[in-house]
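2 protein chains.
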Amino acid sequence: MRIVVLAGGIGGARFLRGLKAAAPDAEITVIGNTGDDIHLFGLKVCPDLDTVMYTLGGGINEEQGWGRAGETWSVKEELAAYGVGPDWFGLGDRDFATHIVRTQMIGAGYPLSAVTEALCRRWQPGVRLIPMSDDRVETHVLIDTDEGRRAVHFQEYWVRLRAEVPAHAVVPVGADQAKPAPGVLEALADADLVLFPPSNPVVSIGTILAVPGIREAVAGAEAVVIGLSPIVGDAPVRGMADKMLAAIGVETSAAAVAAHYGAGLLDGWLVDTVDAASVAAVEASGIPCRAVPLLMTDEAATTAMARAALDLAEAVREG
Amino acid sequence: MRIVVLAGGIGGARFLRGLKAAAPDAEITVIGNTGDDIHLFGLKVCPDLDTVMYTLGGGINEEQGWGRAGETWSVKEELAAYGVGPDWFGLGDRDFATHIVRTQMIGAGYPLSAVTEALCRRWQPGVRLIPMSDDRVETHVLIDTDEGRRAVHFQEYWVRLRAEVPAHAVVPVGADQAKPAPGVLEALADADLVLFPPSNPVVSIGTILAVPGIREAVAGAEAVVIGLSPIVGDAPVRGMADKMLAAIGVETSAAAVAAHYGAGLLDGWLVDTVDAASVAAVEASGIPCRAVPLLMTDEAATTAMARAALDLAEAVREG
Numbered sequence: 000m001r002i003v004v005l006a007g008g009i010g011g012a013r014f015l016r017g018l019k020a021a022a023p024d025a026e027i028t029v030i031g032n033t034g035d036d037i038h039l040f041g042l043k044v045c046p047d048l049d050t051v052m053y054t055l056g057g058g059i060n061e062e063q064g065w066g067r068a069g070e071t072w073s074v075k076e077e078l079a080a081y082g083v084g085p086d087w088f089g090l091g092d093r094d095f096a097t098h099i100v101r102t103q104m105i106g107a108g109y110p111l112s113a114v115t116e117a118l119c120r121r122w123q124p125g126v127r128l129i130p131m132s133d134d135r136v137e138t139h140v141l142i143d144t145d146e147g148r149r150a151v152h153f154q155e156y157w158v159r160l161r162a163e164v165p166a167h168a169v170v171p172v173g174a175d176q177a178k179p180a181p182g183v184l185e186a187l188a189d190a191d192l193v194l195f196p197p198s199n200p201v202v203s204i205g206t207i208l209a210v211p212g213i214r215e216a217v218a219g220a221e222a223v224v225i226g227l228s229p230i231v232g233d234a235p236v237r238g239m240a241d242k243m244l245a246a247i248g249v250e251t252s253a254a255a256v257a258a259h260y261g262a263g264l265l266d267g268w269l270v271d272t273v274d275a276a277s278v279a280a281v282e283a284s285g286i287p288c289r290a291v292p293l294l295m296t297d298e299a300a301t302t303a304m305a306r307a308a309l310d311l312a313e314a315v316r317e318g
Numbered sequence: 000m001r002i003v004v005l006a007g008g009i010g011g012a013r014f015l016r017g018l019k020a021a022a023p024d025a026e027i028t029v030i031g032n033t034g035d036d037i038h039l040f041g042l043k044v045c046p047d048l049d050t051v052m053y054t055l056g057g058g059i060n061e062e063q064g065w066g067r068a069g070e071t072w073s074v075k076e077e078l079a080a081y082g083v084g085p086d087w088f089g090l091g092d093r094d095f096a097t098h099i100v101r102t103q104m105i106g107a108g109y110p111l112s113a114v115t116e117a118l119c120r121r122w123q124p125g126v127r128l129i130p131m132s133d134d135r136v137e138t139h140v141l142i143d144t145d146e147g148r149r150a151v152h153f154q155e156y157w158v159r160l161r162a163e164v165p166a167h168a169v170v171p172v173g174a175d176q177a178k179p180a181p182g183v184l185e186a187l188a189d190a191d192l193v194l195f196p197p198s199n200p201v202v203s204i205g206t207i208l209a210v211p212g213i214r215e216a217v218a219g220a221e222a223v224v225i226g227l228s229p230i231v232g233d234a235p236v237r238g239m240a241d242k243m244l245a246a247i248g249v250e251t252s253a254a255a256v257a258a259h260y261g262a263g264l265l266d267g268w269l270v271d272t273v274d275a276a277s278v279a280a281v282e283a284s285g286i287p288c289r290a291v292p293l294l295m296t297d298e299a300a301t302t303a304m305a306r307a308a309l310d311l312a313e314a315v316r317e318g
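As given, the protein sequences belong to chains P and Y, one line each in that order.
Residues in the first sequence are numbered consecutively from 0, following numbering that gives the first Met the number 0.
Residues in the second sequence are numbered consecutively from 0, following numbering that gives the first Met the number 0.
Derived by calculation from the structure, the hints in this document are not laboratory data.
Among the hints, a few may not be true.
Claimed, not checked - Calculated cross-link-like contacts (lysine to any residue; reagent style SDA-like; alpha-carbon spacing at most 25 Å):
hint, chain 1, residue 1, chain 2, residue 2
1, P, LYS19, P, CYS119
2, P, LYS43, Y, ALA117
3, P, LYS43, Y, GLN103
4, P, LYS19, P, LEU264
5, Y, LYS19, Y, PRO181
6, P, LYS43, Y, GLY82
7, P, LYS43, Y, MET104
Said to hold, decoys possible - Chain Y stretches covered by chain P per the calculated footprint, using a threshold of three residues with CB under 8 Å from any CB of chain P:
hint, segment
8, 40–46
9, 76–86
10, 89–96
11, 99–106
Positions of the beta carbon are idealized from the N, C-alpha and C atoms, including for glycine.
Model the full assembly from the supplied sequences, consistent with the hints where possible.
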């Protein structure tokens, strides 16, 4: 079975670990969000790609969900001693090495997709990880500051400001000019199943879908497309997806996110058991829906979630 | 008093520490060798400038004479895990931060001299440190390999090959096109005293003098020019200066190095007491010479050496 997963960072990566356990023989291609990418200290940092790579490759810091296990922080200390910022983004020494290798390869002319493949040769994530695009896309968030309304980089909004100020708009700058990376459209065309893990529907999956050609390829794919709600009850499972949904005028509920993706995109939707009451409404909109536990509390729970997605896909296919 | 010192790495840096102690009120300008600079992992590394900066700024690893005290090695470990080399150059995490800041500033358009000034704002070395040139100069060494005679980067010869193969030539690539960095010629013109510390006469001081205009400025300066022999007995005090001298056909002796610089450049020369017998020969060539202890065994010895250089300058001036 060929599965394509559109993935953000922590949530997507954890879900993928469950999916690998639930479908050990599947050929999994991950289309990774690069809208969170940021240049720091002259280095190209790809937080979502790295979180997937480290998580599936066994190098992740399990407690925090991002960054490296056994990390040290000498470089960051020294940069601070030089007075060089920003100081709000957590780059450890081991992580720095990844960005140094990536930046060097990009400087030598390799596209991000080739660089990602090279980095994965070490990590052996057990999936094919492709960035959504080799072109630069940078998610900006419109906020009110003392100097008026300003667009700030997503990481500045998310990490420095902790999404504590209202977001008036979310703009994937450059997305309209970006092309899907080599392999993205082919993987979608060849897929039996496309999964939207419980990643942020706006700044993770939404950004991937904003690259011209990808939304159309998902909608037009022969594959069954199944999504898992990132909203449980009236709050995001983790992160601050509610802030991002508010910015695009979508209610923070499992049913509203399903409606946001729409029946044109989704062939099936999983909501948490606490949201069982919304199953009927989602199905009424033309999207088959089931209520199952959607909290990735441990690997067993995550594997069960992935299995529920595979089961729903099977049911939809047999229709 | 205004003193200009032409300095390489470890030897130059240690001498400078003694000089600061011997002449606490002097205004010291250091013209640093950049021929040893190397691009590693996409980063610009300036070993000699950094050794001077760290040594005078209190950040040096005292035992090894280069690199940072309290260093960690995570980045290097990770680069090795990615299979990205070279692995023979010792870059610690703290050191990496310096190269990251430097590379970022150079990428932003600042010349190396401005970057060095910015880095020194943190380290407060107590001297004005100027690279010999803002232009790229790279010392290459001609050696015999299995694939025939090849030019290798100085660091590859020095660090990877430990100068264990004969050097047939030493070429400061790019020197003929380089211009002295802003402030270099002005400092030499305004100096009361120019010192050649016991740095490598070929790949450190020789490279600095190879930048068009610098040799002429030293020779034409109103300042007294005093050198300290890096050769004690028939061997370099440290490093492998003998290999480099052989490559340019100069005998490994204090007197031969004095003759190599020549009376046109030197107004005075210090040899070690074990070389007292060569004082007469050096003086016969027109260079006032004294024999004093030249081993930088500790700070007191180094300060005494610097004081001896100041004394000789005074004698020459009055002479």
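Comparing the hints with the structure gives:
1. P:LYS19 with P:CYS119: Holds, at about 16 Å.
2. P:LYS43 with Y:ALA117: Distance ~23 Å between P:LYS43 and Y:ALA117 Cα, so the pair holds.
3. P:LYS43 with Y:GLN103: holds, 12 Å
4. P:LYS19 with P:LEU264: With Cα atoms ~24 Å apart, P:LYS19 and P:LEU264 stay inside 25 Å; holds.
5. Y:LYS19 with Y:PRO181: Roughly 23 Å separates the two Cα atoms, so the pair holds.
6. P:LYS43 with Y:GLY82: Status holds; Cα separation ~19 Å.
7. P:LYS43 with Y:MET104: The hint holds at about 15 Å.
8. 40–46: Check passed, 3 qualifying residues.
9. 76–86: It holds: at least three residues are needed, and the segment 76–86 of chain Y offers 7 whose Cβ sits within less than 8 Å of chain P.
10. 89–96: holds (count 5)
11. 99–106: With 5 residues in contact (Cβ-Cβ under 8 Å with chain P), the coverage given for the segment 99–106 of chain Y holds.
Of the numbered hints stated above, none is contradicted by the structure.
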